[in-house]
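Q: Start from the sequences and build out the full structure, keeping to the hints where you can.
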Amino acid sequence: MVEDVIIRYGRFEVNPKRMEKNIVKNDLIQEIDDNERERIIYCRKLYLEWMHLHFAKKVVKPPHPE
Amino acid sequence: MTQFISIKKHIKEAKWEGIARDCYNQFACSHKMCRTYDPVVLATGDESYSAYGFHTSVLAVTRGLAKLEDLLDSFTFCLECASCEIRCPNTLFSGDFYRYTTTTIDLVRFVRRQLYEKGLKPRNWEKVEASLSRLETVKKEELIQWSRDLKVKRDVPSETVLLIDTFTATQLSSIARDITEILNKLGIDFTVIEPDAPLQQEYLSFNVELFKKNARNLVDKAVKLGAKTALIINPHLLTLLAREYIKYNEEKLPFEQVFFTDYLWELYKKGILKFTKEINLRAAYHDPCNLSKLNGIFDSPRKLLKSIPGIKYVEEHQVLQWRYCCGFGNYIFKNINQDVSLRIGRTRVENAIDLGADALVVACPHCMDQFTEVIRTFNLNIQILHLTELILKAMG
Numbered sequence: 001m002v003e004d005v006i007i008r009y010g011r012f013e014v015n016p017k018r019m020e021k022n023i024v025k026n027d028l029i030q031e032i033d034d035n036e037r038e039r040i041i042y043c044r045k046l047y048l049e050w051m052h053l054h055f056a057k058k059v060v061k062p063p064h065p066e
Numbered sequence: 001m002t003q004f005i006s007i008k009k010h011i012k013e014a015k016w017e018g019i020a021r022d023c024y025n026q027f028a029c030s031h032k033m034c035r036t037y038d039p040v041v042l043a044t045g046d047e048s049y050s051a052y053g054f055h056t057s058v059l060a061v062t063r064g065l066a067k068l069e070d071l072l073d074s075f076t077f078c079l080e081c082a083s084c085e086i087r088c089p090n091t092l093f094s095g096d097f098y099r100y101t102t103t104t105i106d107l108v109r110f111v112r113r114q115l116y117e118k119g120l121k122p123r124n125w126e127k128v129e130a131s132l133s134r135l136e137t138v139k140k141e142e143l144i145q146w147s148r149d150l151k152v153k154r155d156v157p158s159e160t161v162l163l164i165d166t167f168t169a170t171q172l173s174s175i176a177r178d179i180t181e182i183l184n185k186l187g188i189d190f191t192v193i194e195p196d197a198p199l200q201q202e203y204l205s206f207n208v209e210l211f212k213k214n215a216r217n218l219v220d221k222a223v224k225l226g227a228k229t230a231l232i233i234n235p236h237l238l239t240l241l242a243r244e245y246i247k248y249n250e251e252k253l254p255f256e257q258v259f260f261t262d263y264l265w266e267l268y269k270k271g272i273l274k275f276t277k278e279i280n281l282r283a284a285y286h287d288p289c290n291l292s293k294l295n296g297i298f299d300s301p302r303k304l305l306k307s308i309p310g311i312k313y314v315e316e317h318q319v320l321q322w323r324y325c326c327g328f329g330n331y332i333f334k335n336i337n338q339d340v341s342l343r344i345g346r347t348r349v350e351n352a353i354d355l356g357a358d359a360l361v362v363a364c365p366h367c368m369d370q371f372t373e374v375i376r377t378f379n380l381n382i383q384i385l386h387l388t389e390l391i392l393k394a395m396g
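Line order of the protein sequences matches chains A and B. The numbering used here numbers the first residue of the first sequence as 1 and each following residue consecutively. The numbering used here numbers the first residue of the second sequence as 1 and each following residue consecutively.
Accuracy of the hints is not assured; some may be wrong.
Keeping only pairs whose Cα atoms sit at most 20 Å apart, straight-line, the calculated SDA-like set for lysine to any residue is [unchecked claim]:
1) B:LYS140 x B:PRO89
2) B:LYS9 x A:ASN35
3) A:LYS45 x B:PRO89
Computed footprint of chain B on chain A; a stretch qualifies when at least three of its residues, placed anywhere within it, have a C-beta under 8 Å from a C-beta of chain B [as the list claims (entries may be wrong)]:
4) 6 to 18
5) 28 to 37
Pulled a few chain A residues facing chain B out of the computed Cβ check, cut under 10 Å [claimed, not checked]:
6) ILE40
7) ILE41
8) TYR42
9) CYS43
10) LEU46
11) TYR47
12) GLU49
13) TRP50
14) MET51
15) LEU53
16) HIS54
Since the hints were derived computationally from the structure, they do not count as laboratory data. Just so it is clear, the structure is predicted and the values come from calculations on it, not from any experiment. Glycine included, C-beta positions come from ideal geometry on N, C-alpha and C.
A: This is the structure we're talking about:
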């Protein structure tokens with residue numbers, strides 16, 4: 001769990017200071033720009049939209065408590 | 001159209017310690033969604049060709065459990081389609097949050113380069129060299145032959161340049177001709193540029209310096225003509241300029257690169273592009289990997305196709321198409337694993353036939369070439385059409 005977050009461009013993001021402990025220490029650095037992040041967010045929206053279209057045709061009722 | 005930056009320092013600088021940690025992240029993954037979305041895994045049933053398989057193999061090498069040479073053939077089974085990258089929960093659900101994503105393509109290219117530097121070449125490598133050599137030895141007269149009877153400007157300064165890659169210019173020139181006619185009909189002032197030397201994504205797997213040199217020459221050529229907007233018709237070239245140029249040449253493009261569907265859709269919205277002729281066709285659209293998964297262009301080709309009068313559009317959701325590829329990938333995959341390549345293409349075409357489509361519409365010259373070969377090989381009854389052809393016809 002990441003309890004230390006900041007809000008940038010209206011979205012949650014891990015506080016970069018916290019990432020220094022976990023990522024930079026282990027020499028895992030990825031340079032990502034906002035366009036790449038927007039592309040991922042757009043694909044996620046598409047995916048979630050498809051998931052809802054795909055699975056919302058039938059809503060299964062919970063079993064009646066006996 | 002914008003550039004995308006996604007650069008892992010440890011892969012770029014070949015730091016094996018970081019690469020091992022990166023690969024361990026994948027190895028420790030319990031989702032393994034890459035196995036269910038990768039077109040190669042779906043066609044072969046072999047999980048070693050998934051993102052999980054590639055990362056785990058490299059992890060085994062870093063731990064001394066396998067030799068780098070053992071990866072020679074299995075690392076040719078990457079289409080570079082980015083299906084595993086985008087569907088990986090580490091990218092799709094947390095990549096933007098943690099600013100850390102799955103980058104299988106970069107890893108595969110890195111391993112291929114390491115093997116090539118050791119003088120190791122996979123089976124059928126001579127076929128790859130022959131295909132690249134065909135493009136490299138194209139003469140200037142041959143390169144401009146496609147526009148012999150068309151009104152085009154070359155070497156004339158213009159803010160808009162039309163980049164025609166070597167493959168399209170020499171092997172699928174009808175696409176280049178169609179887009180030129182469309183732009184001429186719309187009264188757009190543009191200059192055509194063909195690269196002096198081909199800019200191929202295959203170079204990133206064995207000769208980065210050649211890629212850098214050819215990319216720099218192409219960009220310089222456009223800059224000299226005062227280009228502010230570069231119109232692109234090959235999604236592979238779009239990826240190389242939008243994603244790889246900044247990664248390897250370490251500088252931003254000095255002009256804006258726009259894919260032709262985005263450009264034409266803007267003109268359609270402004271009322272400049274109009275469709276007057278009806279085309280009665282039940283058409284499905286194929287998302288080219290380099291356009292959709294790597295550059296996030298899903299909408300404009302669909303909107304243009306739907307706007308053509310008479311077209312009955314058969315929709316297949318973008319997300320369902322993440323698991324498709326035409327099967328071409330690049331010359332490395334296509335020439336080395338020809339049977340798998342054709343099987344992947346066949347799956348895609350048969351799916352369009354199952355949807356009841358008369359035509360499968362594409363927006364990539366390589367998809368067009370591959371699907372044409374697939375329908376001929378397996379005797380499938382469907383038309384393969386390029387979007388430019390339909391747009392030109394609909395313009396009347």
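Q: Hint by hint, say whether it matches the structure.
A: Going down the list of hints, with the structure as the test:
no., hint, in the structure
1, B:LYS140 x B:PRO89, "46 Å, violated"
2, B:LYS9 x A:ASN35, "19 Å, holds"
3, A:LYS45 x B:PRO89, "13 Å, holds"
4, 6 to 18, "holds (count 4)"
5, 28 to 37, "holds (count 9)"
6, ILE40, "5 Å, holds"
7, ILE41, "6 Å, holds"
8, TYR42, "6 Å, holds"
9, CYS43, "5 Å, holds"
10, LEU46, "5 Å, holds"
11, TYR47, "5 Å, holds"
12, GLU49, "8 Å, holds"
13, TRP50, "4 Å, holds"
14, MET51, "8 Å, holds"
15, LEU53, "7 Å, holds"
16, HIS54, "8 Å, holds"
When the structure is compared with the earlier hints, a violation turns up for hint 1 alone.
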